[in-house]
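Could you put the whole structure together from the sequences, leaning on the hints where they help?
There are 2 protein chains.
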Amino acid sequence: MTAAAVELPDVDAVRRRVTTVLDRFLEAKARTAAELDLPAEVPQCLSDFLASGGKRLRPLLCVTGWQAANATGDLAAVLRVAASLEMFHAFCLIHDDVMDDSDIRRGVPTVHRRLAQQHRDGRSGSAADRAGASLAILIGDLALAWSDELLHTAGLTHRQLGAVYPLIDVMRSEVMYGQYLDVTGTGHSTPGVERALKTARYKTAKYTIERPLHIGAALAGADDTLLAALSRFALPLGEAFQLRDDLLGVFGTPATTGKPVLDDLREGRRTILLALAAQRADIAQQHVLDGLVGSPDLDPDGATRVRDVLEATGARTTVEAMITARYEQALAALEDVPAVPGTMATLRRIAALALERTS
Amino acid sequence: MTAAAVELPDVDAVRRRVTTVLDRFLEAKARTAAELDLPAEVPQCLSDFLASGGKRLRPLLCVTGWQAANATGDLAAVLRVAASLEMFHAFCLIHDDVMDDSDIRRGVPTVHRRLAQQHRDGRSGSAADRAGASLAILIGDLALAWSDELLHTAGLTHRQLGAVYPLIDVMRSEVMYGQYLDVTGTGHSTPGVERALKTARYKTAKYTIERPLHIGAALAGADDTLLAALSRFALPLGEAFQLRDDLLGVFGTPATTGKPVLDDLREGRRTILLALAAQRADIAQQHVLDGLVGSPDLDPDGATRVRDVLEATGARTTVEAMITARYEQALAALEDVPAVPGTMATLRRIAALALERTS
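Taken in order, these protein sequences are the chains called L and Z.
Residue numbers for the first sequence follow the working numbering, beginning at 3 and rising by one.
Residue numbers for the second sequence follow the working numbering, beginning at 3 and rising by one.
For the record, the hints were derived by calculation from the structure and aren't laboratory data.
Listed below are several chain Z residues computed to face chain L (Cβ distance under 7 Å; list not exhaustive): (1) Leu40; (2) Leu140; (3) Arg174.
If you only want the chain L side, here are some residues facing chain Z, beta carbon under 10 Å, derived: (4) Ala35; (5) Val44; (6) His97; (7) Ala135; (8) Leu137; (9) Ile141; (10) Trp148; (11) Leu163; (12) Pro168; (13) Ile170; (14) Val185.
Built from N, CA and C at the ideal position, the CB exists for glycine as well.
Written out as structure tokens, the structure reads:
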């Protein structure tokens with residue numbers, strides 16, 4: 003089958019169709035829960051979470067990877083795999099919010115906060131908070147299990163399953179190791195730019211960009227040459243994506259990012275931005291960073307003082323320059339990807355989408 | 003292939019061989035972590051957890067289910083599926099301990115406590131506790147992902163995968179819904195024997211006994227008649243298993259159960275035992291239950307007063323009687339299981355093992 007024989011959906015159509023797959027899947031789960039008299043709030047929470055936003059970046063990259071490798075096979079199955087990546091991402095974010103004890107995600111209360119609220123009746127405040135965290139852990143666990151269900155019920159051929167599962171396994175391990183590095187680094191006094199870059203590579207560059215592209219390409223039988231070429235595009239783009247995220251976490255506008263701007267600083271997350279600032283800070287600046295970053299009581303004035311250090315040390319400017327350099331490196335690598343021509347434009351568009359974002 | 007053509011391993015051999023599969027798998031994960039300079043403590047923690055105990059009940063039931071259905075196909079693949087159930091169980095227990103904030107499991111510190119200790123350096127006590135909980139959530143997540151990896155790399159035929167995955171999907175959802183019911187019921191003032199029985203059915207009877215048997219049987223191509231017959235044995239046995247667990251949680255000896263005897267009472271877990279006591283308590287007894295069950299400060303004297311109420315209301319005796327009735331019901335159902343004759347003795351042995359336990 004040649005690329006021309008398949009009607010290729012555009013970015014908006016992919017988003018719409020992936021959302022439909024997720025909706026149908028969770029509607030079926032809601033029906034099962036109703037039949038067995040099990041808590042309806044479980045599928046409802048996931049459904050609301052998925053409806054609350056998200057750029058569907060990983061599904062888009064998955065479908066584009068498939069197109070890049072000549073789009074052979076069944077589009078419906080590819081869309082279901084793409085949807086399974088979005089469900090997997092819901093799992094990651096729900097657990098991430100529990101671990102960070104975040105209040106807000108995508109402009110609305112996080113899953114554990116919402117559930118604490120729903121189960122406040124008859125419980126003390128702290129008991130309700132604990133119940134909320136426990137229930138969110140379980141809903142995240144189900145999202146992981148259900149992402150696998152979406153995958154193995156996608157109707158893939160035996161050959162496709164054989165090509166895709168090793169990549170899925172690697173992706174799952176990589177993102178969890180990346181998160182592990184993030185947690186062990188956070189709030190700890192050993193920053194280090196190298197360590198922060200490694201964390202970004204595992205938890206974001208590979209997970210968000212490289213593996214979704216690989217998984218899609220593998221569905222169309224891509225060989226190692228194509229996968230390696232896609233990596234040369236994906237990894238710098240993914241690092242740029244994380245660097246942008248770090249900047250937004252400190253300098254972003256809550257109204258557009260959908261999350262409080264003080265969380266990253268309060269949490270003491272060892273981003274590349276902070277690692278650079280710590281590396282270059284004079285004694286007074288170091289004092290500001292040590293005293294305020296990672297402090298649960300950080301207030302807006304304190305955050306302004308930290309931002310001033312990030313500016314004065316040139317850390318912000320360096321990170322902006324790193325983003326630009328990686329973006330250009332990714333676009334240059336794209337020239338050498340031996341993919342179906344039409345997909346280049348889509349990959350460029352997704353690259354821009356990933357970086358020129360404000361949320 | 004007839005049953006006689008396959009050399010059937012006995013209970014101890016199954017345990018040993020499943021443990022070997024898990025060891026080899028985690029050794030490979032440790033090598034990968036070393037090669038990529040990722041935290042060695044991740045596979046190490048899981049490896050230590052799996053080595054710390056566990057009766058390997060689910061793997062035993064899986065292999066026995068396979069034998070009951072005539073043991074056709076590759077034993078090595080069946081053992082790998084059995085090992086994947088044990089890895090899945092590690093995931094359940096690690097997350098369960100985070101949710102319950104338990105200190106001890108199998109006589110040693112729980113995973114989150116151990117990790118909090120390992121990452122105490124440079125952190126406040128509460129920050130270390132939070133890091134420990136986050137890392138244990140991630141290690142549990144990996145155990146879930148890796149249980150799936152063990153499963154889909156087991157070398158199953160396309161037909162076996164088709165027969166087994168729907169049961170795996172159902173098992174995963176059932177246990178998480180069961181836990182969800184447990185959390186929403188815990189610490190809440192709506193006990194109810196019916197609700198407690200339903201929780202036990204989902205989080206234990208189906209998960210621990212019925213589905214492992216079904217999964218094993220499905221690997222040998224069991225039909226619905228055999229699966230239904232196995233359910234009639236498994237569900238009463240599984241309920242009896244949970245009832246025994248409830249008794250051990252209150253009347254057990256920490257030296258043999260490997261966990262503190264006050265946890266269930268402090269947590270305010272709405273067991274069938276407590277639901278029965280609440281149903282029958284007079285005003286003074288109700289006062290004891292309301293005041294002490296679910297109190298984080300419960301001391302040994304308070305626990306003795308609660309135990310006295312559980313005895314005086316006859317709740318303990320009733321639960322003992324319920325265990326006996328269910329055990330007998332399970333054994334009677336076994337007579338009608340159209341399985342390979344030799345497996346009956348094994349199922350009876352596992353049933354006794356599950357119930358006459360002290361841990």
